[in-house]
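The chain contents come next:
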Amino acid sequence: MQTPARDSVTWVWLLLMLITAGSWAVGSHVLLAANHLLAVGAILLFTCIKMHLVIRHFMEVNHAPGWLKLFCSGWLAVLFFSLLGLYR
Amino acid sequence: MNMHATDAEAIAARGTAAPRVPGENSLWLLILGDMVIYAIMFLVFAYSYQQQPDTFAAGQALLNKSFGFINTLLLLTSSWFVAKGVRSIRRQPRLDASHWLLLALVCGGAFVVSKVVEYSLKINAGMVLTSNDFFMYYYMITAFHLIHVLIGMTVLVFMWRTARQPQVSADDVRFLESGATFWHLVDLLWIMIFPLIYLLGRT
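As you go down the protein sequences, you meet chains H and G in turn. Position one of the first sequence corresponds to residue 1 (UniProt numbering), numbered consecutively onward. Position one of the second sequence corresponds to residue 1 (UniProt numbering), numbered consecutively onward.
Chain H extracted, bound-state conformation:
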């Protein structure tokens, strides 16, 4: 039971690095000039996915009581939708 859990943090880290590189490329070059809303939406979505991964796997909220999972997901949802609204 401990082995997959131990390996999973490495996979999560690799995924986080990959998303960071991808979202940086989007932010600095490709889509921003073409479609602002699409670029903002994509960057915010990737950011929130990364934060979700950190919360659930690194901070171990995956194993936490339901109310804490709910708080963290609610916090992320508020950030995502408010920022999308303000930056659109």
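Keep in mind that a hint or two might mislead.
[To be verified] Partial pick of chain G residues on the chain H-facing surface, computed with a CB cut under 7 angstroms:
id, residue
1, Gly-33
2, Met-35
3, Ala-39
4, Leu-43
5, Ser-79
6, Trp-80
7, Ala-83
8, Asn-124
9, Thr-181
10, His-184
11, Leu-188
12, Ile-191
[Claimed, not checked] Straight-line C-alpha distance at most 20 angstroms; calculated SDA-like pairs for lysine to any residue:
id, chain 1, residue 1, chain 2, residue 2
13, H, Lys-69, G, Ala-39
14, G, Lys-65, H, Thr-20
15, H, Lys-69, G, Asp-34
16, G, Lys-115, G, Leu-62
17, G, Lys-115, G, Leu-73
Keep in mind the hints are simulated off the structure, nothing from the lab. From the three backbone atoms N, C-alpha and C, an ideal C-beta is built for every residue, glycine too.
With chain H's structure known, arrange chain G on it following the hints.
Chain G in isolation, oriented as in the chain H frame:
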């Protein structure tokens, strides 16, 4: 108090499926409070952007995105090192966690150096706290975060010392979990600061 019994209890506790949070419960109050404060700061920043998009876009264009990008990679990696450290110390037989914590400290140190270099370049180029609203928020949000990094690094030093002990008690494991959770929060907040300050905004 029997050290081995405490170790065994700690290991047994982790094997259960019952929901639990890592580290001290009281620490989570601080973490959740910080999350709320930062959410408000992020929204105030975004609202100010909407009020003066030109000032914010011009300010953002003057920032070097590479600093933000490299800092993100540094904190993500240090967070992974800390996660590996916590998992090493929980394993039976226990593995040495101290080298993971030392690696995390090195990444934290690199983040601080990079931030100091970035600040100096900006200040020398005449971009200071009072330049405009964008730079006021830029310095406030990143400096408040930098304070978190420095506190986190201080805790990491104590975590490293704890992990180097020949025996660790259940309390020690709990302390390491608490410190690790705080360090992940530092990483978590930067993940949002990076796009908000460096990437989003009209070109």
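Structure-based check of each hint:
no. : hint                   : verdict
1   : Gly-33                 : violated, 12 angstroms
2   : Met-35                 : holds, 6 angstroms
3   : Ala-39                 : holds, 6 angstroms
4   : Leu-43                 : holds, 6 angstroms
5   : Ser-79                 : holds, 5 angstroms
6   : Trp-80                 : holds, 4 angstroms
7   : Ala-83                 : holds, 4 angstroms
8   : Asn-124                : violated, 24 angstroms
9   : Thr-181                : holds, 6 angstroms
10  : His-184                : holds, 4 angstroms
11  : Leu-188                : holds, 5 angstroms
12  : Ile-191                : holds, 5 angstroms
13  : Lys-69(H) - Ala-39(G)  : holds, 17 angstroms
14  : Lys-65(G) - Thr-20(H)  : holds, 13 angstroms
15  : Lys-69(H) - Asp-34(G)  : holds, 16 angstroms
16  : Lys-115(G) - Leu-62(G) : holds, 15 angstroms
17  : Lys-115(G) - Leu-73(G) : holds, 14 angstroms
In this structure, the hints that do not hold are numbers 1 and 8, in rising order.
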